[in-house]
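**Q** Guided by the hints, dock chain B onto chain A, whose structure is given.
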Amino acid sequence: VWSLRWRAVVVLTTGACLAVAVLPEPTRATLSAAAVAWFAVGLAAVTRWRMAGTVALGLTTLAVVLATALDESGLRPVQVVVAAGLLLLLLPALDRCEAPGGPAVRTVTRAGWRQRWSLPAVAVGAAGLVTVTSAQDVVPSVELALAGLAASVAALAVATRAHRG
Amino acid sequence: MTAAAGTTGSTRDVELVFAATPRLRRLALVAGVAVVGAVATAHGELLALAAAPLVLVAAASRSRLPASATVTTRLSPDRCVEEDELVLEVEVRVPGADRVDADVALPPYTVSTFEGSDAPAAALGTATARWLLRPGRWGRHRVGPVRMRVLAGAGCYEARFPLDVGEVVVYPAAAALARAVAPAELAAPLGEHPSRAAGSGVEFAGVRPYTPGDRRRDVDWRTSARHGELFVRQYAAERAFDVVLVLDTTTDAGPPGTSSLDLTVRAATGLAQTYLRTHDRVGLVTFGGPLRWLPPATGPYQLFRVCEAVMSVRPDEEERAAGSVRYGLDNLPRRMLPARAFVCLVTPLLDDRPLGAVRLLRDRGFSPLVVDVLTSEPAVRSRAAGDLELRAWRLHRKALSWELATLGVPVLPWDGEGDLTGALLHAMRALRPEVRA
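Chains as they are written, first to last, in our numbering: chain A, 1 to 165; chain B, 1001 to 1437.
So that you can see chain A by itself, here it is in the shape it has in the complex (with noise of 0.2 Å):
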């Protein structure tokens, strides 16, 4: 029951999205792509094998991107945070699916509901905040492509110092 419970949750949160990314119309590259993510996380849940859950996971992300880019009406701004928030929610459920100790194993501890929520729904704020400011008119400048890259060279070396053993 236990690992039937966290495939359902993979398999459906995986519908889920795609869902949100092939609606209203979709092309047929998105729905190609979101067919074999569909069927590399039916894969990941019935096989529980890492690799098939990695695939359906890039694939997935894949679909949506498919469907804002090719698709003549693109997925609306809320529809791509959404997107976003359900690919997060994706990950934990991938994971018990794929724990190796089954139902052996017991947690001991685990932090407080605010702990564990704050940092996801802050991930996702952020998400919502890129979106309302990718739908602004701006007119492109030479000051604010210096900006965006020196962001973008902020946020690299952030993230790698934070990784650094």
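Accuracy of the hints is not assured; some may be wrong.
Not everything, but these chain B residues come out facing chain A in the computed CB check (under 10 Å) [said to hold, decoys possible]:
{"#": "1", "residue": "Arg1023"}
{"#": "2", "residue": "Gly1096"}
{"#": "3", "residue": "Gly1116"}
{"#": "4", "residue": "Thr1128"}
{"#": "5", "residue": "Arg1149"}
{"#": "6", "residue": "Gly1155"}
{"#": "7", "residue": "Glu1308"}
{"#": "8", "residue": "Ser1312"}
Computed Cβ-Cβ distance ranges for the label pairs, DEER-style [to be verified]:
{"#": "9", "chain 1": "B", "residue 1": "Asp1352", "chain 2": "A", "residue 2": "Arg50", "range": "52 to 62 Å"}
{"#": "10", "chain 1": "A", "residue 1": "Val46", "chain 2": "B", "residue 2": "Thr1070", "range": "39 to 49 Å"}
{"#": "11", "chain 1": "A", "residue 1": "Ala104", "chain 2": "B", "residue 2": "Leu1407", "range": "46 to 56 Å"}
{"#": "12", "chain 1": "B", "residue 1": "Ser1063", "chain 2": "A", "residue 2": "Arg50", "range": "25 to 35 Å"}
{"#": "13", "chain 1": "B", "residue 1": "Arg1381", "chain 2": "A", "residue 2": "Ala8", "range": "41 to 51 Å"}
{"#": "14", "chain 1": "A", "residue 1": "Arg50", "chain 2": "B", "residue 2": "Arg1062", "range": "15 to 25 Å"}
Residues of chain A clear of chain B, computed beta-carbon distances all greater than 12 Å [as the list claims (entries may be wrong)]:
{"#": "15", "residue": "Ser3"}
{"#": "16", "residue": "Leu88"}
{"#": "17", "residue": "Glu143"}
{"#": "18", "residue": "Ala150"}
Calculated from the structure, these hints are not laboratory results.
If you're wondering where the values come from, they're calculated on a predicted model, not measured in any experiment.
Built from N, CA and C at the ideal position, the CB exists for glycine as well.
**A** Quick look at chain B alone, frame taken from chain A:
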């Protein structure tokens, strides 16, 4: 049987060595696909898809991971009887961790129940998780290791380490004996079994005419009044006797838990416990691997020694590889078998070795009682040939029983469930008179 309760365990400060989990790589993958897609298709709104995982990756800094954990394990008690309950506690303190998981490696034939943690949602405090363990088979078992997993940095990093718990000694559950039965005529004085001989016990044995020198308090006034002359009461002498348990550990046949060796050690423990309680002397001999013996003695410490001895009867790999009996019962010292000792041979009766042991014991003047502890039949490979093999095997067992019967040795089958008292009493009455007297 009650085992002395103790606790085993330890407290350790563990230095945590973290490694990236697949979640970190997957977050980077989602962000990478989204960024590449945004740049390639010139859709700025796709950066929103990359922003969420990038925030998580940036927040999960290595510098904020906990450096160490304090872990205490406790197993109580560290000695028990089969099917008793043990409590395993794992106490963890890891400030800053997102989640701590534990996976306990159980000894064989042990059932565990997770009782939960007293602080499932407190990452900063100390949390204690409890498991109830119920070992189903006797032996010296290693509990653990407990494989711990500490997740931190929004699940992007994990540290794993094993914890040793310790060893638990599981004594066999003693066979049921309602009371210690004994042959009618016994040799050793100062025991608790009423003998046929008159003596100074408490069990009434009859009346006889008064003779000068008899104590006045022994006069039975009612009988004296009826017969018109003085009669005195007689009491049975209370004697002890020696029990020597001979265990055949050559083979272990049958399903685990009710195998012949399991029933052998349970019968031996039950017999030793019951007779030692009535202050008889109990000795132990095991043959099958190297010959081992424990001279007859009495007292509570002897029960402990018998229990420890039967724990070692399971042949280890080296002895199993050696194969057949290396030392026969003929090498047994004379003092191990006191005169008029009651010898009980516990065996699955699977080959001719128990028959040889019985003949040897008879040559030394003993008439042993055989307890047959085999409860299962061998698995057959195919139906046609298997039936024939099974019939031959049954015939061989019948032949062994018949040979024992012709020697005047009673065979008492025991399946591990029933009370041995009645059957033992019956078997003792069937013993040869020279042994009974």
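**Q** With reference to the structure, classify each hint as holding or not holding.
**A** Hints versus structure:
This hint holds: arginine 1023 of chain B has a C-beta 5 Å from the nearest C-beta of chain A, less than the 10 Å allowed. Against a cut-off of 10 Å between C-beta atoms, the interface hint on glycine 1096 of chain B holds, since the closest Cβ of chain A lies about 9 Å away. Proximity of glycine 1116 of chain B to chain A holds as hinted, the smallest CB-CB distance being about 8 Å (cut-off 10 Å). The criterion of a C-beta within 10 Å of any C-beta in chain A is met by threonine 1128 of chain B, whose closest approach is roughly 8 Å, and the hint holds.
With a cut of 10 Å, the hint placing arginine 1149 of chain B at the interface with chain A holds, because the nearest CB-to-CB distance is about 8 Å. Because the closest C-beta pair between glycine 1155 of chain B and chain A is about 6 Å apart, less than 10 Å, the hint holds. Restraint check, glutamate 1308 of chain B versus chain A: the minimum CB separation of about 32 Å is more than 10 Å; hint violated. Hint on serine 1312 of chain B is violated. Least Cβ distance to chain A is approximately 31 Å, over the 10 Å limit.
The beta-carbon spacing between aspartate 1352 of chain B and arginine 50 of chain A, approximately 58 Å, falls within the hinted interval of 52 to 62 Å. For the pair valine 46 of chain A and threonine 1070 of chain B, the beta carbons lie near 40 Å from each other, so the given range of 39 to 49 Å is met. Taken as a hint, the range 46 to 56 Å holds for the pair alanine 104 of chain A and leucine 1407 of chain B, whose Cβ atoms sit roughly 53 Å apart. At roughly 27 Å, the beta carbons of serine 1063 of chain B and arginine 50 of chain A sit within the given window of 25 to 35 Å.
Restraint check, arginine 1381 of chain B to alanine 8 of chain A: a C-beta distance of roughly 44 Å satisfies the suggested window 41 to 51 Å. A beta carbon spacing of about 22 Å between arginine 50 of chain A and arginine 1062 of chain B agrees with the range 15 to 25 Å that was offered as a hint. The claim that serine 3 of chain A lies off the interface holds: its Cβ sits roughly 15 Å from the closest Cβ of chain B, which is beyond the 12 Å cut-off. For leucine 88 of chain A, the non-interface assignment is contradicted: its Cβ lies about 6 Å from the closest Cβ of chain B, within the 12 Å cut-off.
No Cβ of chain B approaches the Cβ of glutamate 143 of chain A within 12 Å, the least distance being about 17 Å, so the stated non-interface status holds. With a minimum CB-CB distance of about 16 Å to chain B, alanine 150 of chain A clears the 12 Å threshold, and the non-interface call stands.
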